Structures are given as C-alpha cells and as structure tokens.
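Peer 1: Take a look at the letters that make up each chain.
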Amino acid sequence: DAKTTQPPSMDCAEGRAANLPCNHSTISGNEYVYWYRQIHSQGPQYIIHGLKNNETNEMASLIITEDRKSSTLILPHATLRDTAVYYCIVRVNQAGTALIFGKGTTLSVSS
Amino acid sequence: NAGVTQTPKFQVLKTGQSMTLQCAQDMNHNSMYWYRQDPGMGLRLIYYSASEGTTDKGEVPNGYNVSRLNKREFSLRLESAAPSQTSVYFCASEGLLRDEQYFGPGTRLTVT
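First to last, the protein sequences are chains F and G.
No gaps in the numbering here: position 84 of the first sequence is 180 in our numbering, and each next residue is one more.
No gaps in the numbering here: position 30 of the second sequence is 34 in our numbering, and each next residue is one more.
The following block holds chain F by itself, in its conformation from the complex (with noise of 0.2 Å):
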C-alpha cells in the first residue's frame, strides 16, 4: 500500500496557483517526499522532492511542515498543460529502492 494519501482529483483555473496536498503521516527520519506528475498515458514526470526544507525549482514549490506529516506541492500559475495525474511518494534515497506510487490526484485545469 502507498504510504501517502492524496485527494482523488482537484480543479484549478489557468493562471491561477494550484496547491496540491499530501499526507504522509508515518514518513520516515531518513525518507523524502517525491513529486512526480503523468500527463495522459505518458512516462511520469519528475516534479521535486525534499527532505525537511521547503524547495522550489523551476516547475513548482514544495512545502513540508515541520512535523513531516504532510506536504503540499504549488504550480504557482497552473497551464492547461499542467492537467496530469500528480503523485505524491515517499522514499529512502537509496539505489535500487523503488518509487510506490497510490493513485495521485488528477489535476484538472481549465481556462
């Protein structure tokens, strides 16, 4: 099972930021938090991932509160080509240890 519990889809108007949240309530001292999104069938695509700070990068913002318990990821001005199904994954960087993915959240964003 994934360890992480996202809300099955959200709707965000174009240009508008969107703010997608996570819970990872049982995450691990040594696990980080990953974002990936898949756009229609398509391989996923890296978004960001983070320890304990909050990090930002070109694609988006990533906020962890300072429990570790949850997270949000922020498209701070959502496209239309930003609809995608948005997965939220924790994980030990490590070699070899996979990427557990849930059933993400689907994004929906409309002009």
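Derived from the structure by calculation, the hints contain no laboratory data.
As the structure is a computational prediction, the values presented were derived from the model and not from experiment.
You can take every hint at face value.
If the Cβ cut is set under 7 Å, some of the chain F residues that face chain G in the computed set are:
1. G139
2. P140
3. Y142
4. G192
5. A194
6. F197
7. G198
8. K199
Derived lysine to aspartate or glutamate pairs resembling DMTMM-like cross-links, with alpha carbons at most 20 Å apart:
9. K199(F) / D42(G)
10. K99(F) / E63(G)
11. K199(F) / E63(G)
12. K148(F) / D103(G)
13. K148(F) / E104(G)
14. K99(F) / E104(G)
Every residue, glycine too, gets a C-beta built ideally from N, C-alpha and C.
Chain F is already provided as a structure; the job is to place chain G on it using the hints.
Peer 2: Below, chain G alone, put in the same frame as chain F:
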C-alpha cells in the same frame, strides 16, 4: 541525448507466446527499473538493477525475467505471456544522486 528509450511501443501477443521488451538509457546511470501500470492504477515495480551486473525482484516479479546486458541496457522478458500481463510497461533509470528517475515512453502490451 535521447534519455530513456523503449522498444517496441506497442505489441499484441497470444497467450503462451514470449517476447522481450528492450530499454536503453544514454545518461550513464547506474540504476534501472521496470514498472507496469494497469488501467486506473499507479505504477508497480517488477524488477530493478541497482548497478551493472545486479538485478533484484520488485513487488510483482512473477512471470518475468530481466537481463542487465550492460550499463546502458536493461531488458524485460515474458517467457509465456498471460492475459494478466496486459499492461503498459515503463522503464526508468536513475543516477548516483538518486534524486530523479527518468522514465521512458512505455510499451503498451496486449495479451489475448
């Protein structure tokens, strides 16, 4: 750089036939993975190779074999295909920093 490539893109097999799915990466990555994705589901790990010369079972290895031919290539073989193996198969690779897995475009397999 092509990244991660997979062949074929589509395949239809009859029950009992065998085939090999090919995967190659040009990023000099040590680790490679095979996942399957069934409709409406997340990806599940079949096999992985943490480095050249090593392979290990993942969550759903039954009915599959793998070969890490060299650092670039990691193949997945179905010896006797079954309808339950109808799925989309994704190959992925990962570098030493282990910060990002790069996925191929997938192989869509139907077993009738």
